[in-house]
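Participant: Chains as they are written, first to last, in the working numbering: chain A, 266 to 490; chain B, 4 to 384; chain C, 34 to 144.
If you're looking for bench data, these hints aren't it; they were derived computationally from the structure.
One or more hints might be untrue.
What the hints assert, rightly or not - Far from chain B, some chain A residues (derived; all Cβ distances over 10 Å):
#1 Asn297
#2 Leu320
#3 Leu329
#4 Ser336
#5 Leu338
#6 Glu340
#7 Arg348
#8 Ile361
#9 Ala386
#10 Asp425
#11 Arg456
#12 Asp466
#13 Arg468
#14 Ala472
#15 Asp483
To be verified - According to the in silico footprint, chain A covers these stretches of chain B (three or more CB under 8 Å from chain A):
#16 96-102
#17 288-297
For every residue, glycine included, the Cβ atom is placed at its ideal position computed from N, Cα and C.
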Amino acid sequence: MIELQGVSKIYRQGRSNEIAAVCDLDLTLQDNRVTVLKGPSGSGKTTVLTIIGCLARPTQGRVLLDGEILSGLPEKFLAEVRRRTFGFAFQRFNLIAGLTAFENIVLPAYPLAPRFDTLKARALELAETFGVAHRLDLNVDDLSGGEMQRVAVARALINDPRVVIADEPTANLDSERAAQFLDIVATLKARGKTVLMTSHDPRIWSANVVDRVVEMADGRIVEAA
Amino acid sequence: MSGWWARQRYLLDYASASLWRRKGRNLVLWAIFAALVFILGSVILFGSAIRREAALVLRDAPDVVAQAMRMGRHDMALASDIAKLKSVRGADRIEGRLWGYLYDTSTDANYTLQTPSAHAPDLALQKGEAIVGEGVARLRKLSEGKHLFLVSPAGRLLKAKVKKVLSPESALVSSDLVLVSAEDFRAFFELAPDQFTDIAMRVRNPSEVGTVSGKGALALPHYRFITRANMARTYEALFSWREGLLLAIATGAILAFAILAFDKASGLSAQERREIGILKAIGWETSDIIRMKLWEAGLISVSAFVAGMTLAYLHVFAMSAPLIETVLKGWSTLYPRFALTPHVDALQVTTLAFLTLLPYIAAVLAPIWRTASADPDRVMR
Amino acid sequence: MTRVRAIERGSSAVFVLAAALAGGAALAIAHGVWRGGDTTRFEATRALAEGAGLTDLALFTEARYARHPAMADLHSAFQDGPLSFEHFPSGALVAPARDFPAAGLRNGGAR
Numbered sequence: 266m267i268e269l270q271g272v273s274k275i276y277r278q279g280r281s282n283e284i285a286a287v288c289d290l291d292l293t294l295q296d297n298r299v300t301v302l303k304g305p306s307g308s309g310k311t312t313v314l315t316i317i318g319c320l321a322r323p324t325q326g327r328v329l330l331d332g333e334i335l336s337g338l339p340e341k342f343l344a345e346v347r348r349r350t351f352g353f354a355f356q357r358f359n360l361i362a363g364l365t366a367f368e369n370i371v372l373p374a375y376p377l378a379p380r381f382d383t384l385k386a387r388a389l390e391l392a393e394t395f396g397v398a399h400r401l402d403l404n405v406d407d408l409s410g411g412e413m414q415r416v417a418v419a420r421a422l423i424n425d426p427r428v429v430i431a432d433e434p435t436a437n438l439d440s441e442r443a444a445q446f447l448d449i450v451a452t453l454k455a456r457g458k459t460v461l462m463t464s465h466d467p468r469i470w471s472a473n474v475v476d477r478v479v480e481m482a483d484g485r486i487v488e489a490a
Numbered sequence: 004m005s006g007w008w009a010r011q012r013y014l015l016d017y018a019s020a021s022l023w024r025r026k027g028r029n030l031v032l033w034a035i036f037a038a039l040v041f042i043l044g045s046v047i048l049f050g051s052a053i054r055r056e057a058a059l060v061l062r063d064a065p066d067v068v069a070q071a072m073r074m075g076r077h078d079m080a081l082a083s084d085i086a087k088l089k090s091v092r093g094a095d096r097i098e099g100r101l102w103g104y105l106y107d108t109s110t111d112a113n114y115t116l117q118t119p120s121a122h123a124p125d126l127a128l129q130k131g132e133a134i135v136g137e138g139v140a141r142l143r144k145l146s147e148g149k150h151l152f153l154v155s156p157a158g159r160l161l162k163a164k165v166k167k168v169l170s171p172e173s174a175l176v177s178s179d180l181v182l183v184s185a186e187d188f189r190a191f192f193e194l195a196p197d198q199f200t201d202i203a204m205r206v207r208n209p210s211e212v213g214t215v216s217g218k219g220a221l222a223l224p225h226y227r228f229i230t231r232a233n234m235a236r237t238y239e240a241l242f243s244w245r246e247g248l249l250l251a252i253a254t255g256a257i258l259a260f261a262i263l264a265f266d267k268a269s270g271l272s273a274q275e276r277r278e279i280g281i282l283k284a285i286g287w288e289t290s291d292i293i294r295m296k297l298w299e300a301g302l303i304s305v306s307a308f309v310a311g312m313t314l315a316y317l318h319v320f321a322m323s324a325p326l327i328e329t330v331l332k333g334w335s336t337l338y339p340r341f342a343l344t345p346h347v348d349a350l351q352v353t354t355l356a357f358l359t360l361l362p363y364i365a366a367v368l369a370p371i372w373r374t375a376s377a378d379p380d381r382v383m384r
Numbered sequence: 034m035t036r037v038r039a040i041e042r043g044s045s046a047v048f049v050l051a052a053a054l055a056g057g058a059a060l061a062i063a064h065g066v067w068r069g070g071d072t073t074r075f076e077a078t079r080a081l082a083e084g085a086g087l088t089d090l091a092l093f094t095e096a097r098y099a100r101h102p103a104m105a106d107l108h109s110a111f112q113d114g115p116l117s118f119e120h121f122p123s124g125a126l127v128a129p130a131r132d133f134p135a136a137g138l139r140n141g142g143a144r
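Modelling step: build the complete structure from the supplied sequences, incorporating the hints.
Facilitator: Below, the structure written as structure tokens:
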């Protein structure tokens, strides 16, 4: 269970052009649920993802993971939490250019230093699941958009995280690919993962697999269903 | 320990993949680095080897050489002065040396004409005989039994039968040498029988060299006394002069190189920044990223250093330093051909390693440090 | 599944290259140890240096102060005037003796 309590995030604080991306936000995410944050650009959805995923610290308020306060932990522990608890699929995939699909998938596991055989087997299994096993030794720059996304999702899952965070996962996909992505989400949910996404794609909000849609505007929650 | 190594090996995996995708750039960088080390390493290896050689070879040079001075110039020594020196207690085997230079117009080379010591039976020469060094034999196409003709500046002719060609092994001290008998030498240069170039002395007790030359200076106030320690110091300074000069220039090159690397690295491209952000976002620690970059910089610089140094070793000791030779030859026509005996000064090699490796690694790491410790949320935007 | 075999660790290639470099360096070191202890050449040269009373290396034959730097008289390097440029490149390689003016003057150089 993840809780945000009174969380605010102000960028460029103290300067004349400061931006309050999130204001005094309370949000609770139950385990094994699929939650979608929706809202227009600049409503603070992505900022909420970065705060939950320990990529940024809140300016005010606190973040709790299973009742433990994360927001005050030193960077070293946050990195530990990030790689053990969260898997990220970014809007622009954020694959490392020039490396192969296989190398990209296994990257989050490097600091954990598992046996290479184990890691390779796990990467293969994920690649099979998402249909990119035959593309593993290709440079990621040579993959199609859909393949890139599936590699990105495989990378998010390599450390078997409890929570998968996806930022605008269908923004670059056609309808068919978007439907495929929802299938992936269903698979994740079936495996007991908690999924948190941002989207302004109606196909996502209305999907069966989604348990909860939270609407945001101007850094606040305006409607929680 | 194995966990630590497993993690380092994964970082090494990433570092090598990362180097490989920019292989052109990195190869050029590596080549420049290796070339820098090769040049500096060659000079350092050559210098330390030749200094050691000089020290070993000149161990049996005369203990003291007394040189007459007149009006600040080197003057001829007289037989009567040799007699005066003989009264100095502790001085042993005092003999006048005859040596001088001859510019040979036919080969455009300078020879050193000299007479062997009376105490060296295997070098003893009769009138009309000569022993020549390797370089002279090479230039004049001489071999044992052939005749050597020399013309003095005054027009006198010397015809001598070559008794022996000195072995190429001794070329470093004897390449330009022409040994002739004292009689021929005096006749050729028109020297009076009581004149010598300078006076060589042996001192019975090595710890007395200073005292003996001091006493000699009292007996012969217009003489300069050069001890073997003075000669040795001259050769300790050989090349350290130019080595210092070269290193000073090279420091500039190293700095320029460091600035280049720093400039390249500090202007971290947007792509590199994004990459660091991605790695942090997917759970790498700041220290992982810095270690990975350390592997990257270390792979390039350490391997380039080892390669450059190995090549320098080959160049100097297996190929007799053809690149340095051209510099050393300068204007001389007659340059000794010699193969240096390997000698590596570990301290100098270590110094070179510090001078080249540290600036590079520091220049690569410094900007990464700043970027890697930033919050990774920028990758989300 | 044949593709899987193509996945190799980058570090394996690094190890191969490192081993090659280390091998080359080890050969050079071995050569140095093997040849560096060989003093037969020195012995021959020393005997000659003693017999002929040699005091200098025959590295630079173009000028007398470069051919016999240990024997060079005090002023030969400056004989064309202290401000004149070095004629011969080798002059830059051979430094004056470290006790250049002191010992010479004390021992009667400039009387």
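Participant: Beyond 10 Å from every chain B Cβ: check whether that's true for Leu320/A.
Facilitator: violated (4 Å)
Participant: Evaluate the condition: distance from the CB of Asp425/A to the nearest CB of chain B exceeds 10 Å.
Facilitator: holds (12 Å)
Participant: Measuring Cβ to Cβ, find out whether Arg468/A lies farther than 10 Å from everything in chain B.
Facilitator: Non-interface label stands for Arg468/A: nearest chain B Cβ at 22 Å, farther than 10 Å.
Participant: Check the non-interface label on Asn297/A: least C-beta distance to chain B beyond 10 Å or not.
Facilitator: holds (22 Å)
Participant: Just checking, Ala472/A versus chain B, shortest CB gap more than 10 Å?
Facilitator: holds (23 Å)
Participant: Please verify the coverage claim for the stretch 96-102 of chain B: does it have three or more residues whose C-beta sits within 8 Å of some C-beta in chain A?
Facilitator: That given contact is violated, which follows from only 0 residues of the stretch 96-102 of chain B lying within Cβ reach (below 8 Å) of chain A.
Participant: May I ask you to check that Asp466/A keeps its beta-carbon over 10 Å from the closest beta-carbon of chain B?
Facilitator: Fine: 18 Å to the nearest Cβ keeps Asp466/A off the interface.
Participant: Ala386/A clear of chain B by more than 10 Å, beta carbon to beta carbon?
Facilitator: At about 16 Å from chain B, Ala386/A clears the 10 Å cut-off, so the statement holds.
Participant: Count the residues of the stretch 288-297 of chain B whose CB lies closer than 8 Å to any CB of chain A, then report whether that count reaches three.
Facilitator: This one holds; 4 residues, not fewer than the three required, reach chain A with a Cβ under 8 Å.
Participant: Report holds if the minimum CB distance from Ser336/A to chain B is greater than 10 Å, and violated otherwise.
Facilitator: holds (13 Å)
Participant: Is it correct that the beta-carbon of Ile361/A has no partner in chain B closer than or equal to 10 Å?
Facilitator: Non-interface label fails for Ile361/A: nearest chain B Cβ at 6 Å, not farther than 10 Å.
Participant: Minimum Cβ separation between Arg348/A and chain B greater than 10 Å?
Facilitator: Arg348/A not clear of chain B: closest Cβ-Cβ about 2 Å, inside 10 Å.
The structure fails hints 2, 6, 7, 8 and 16 (numbered hints given earlier, in ascending order).
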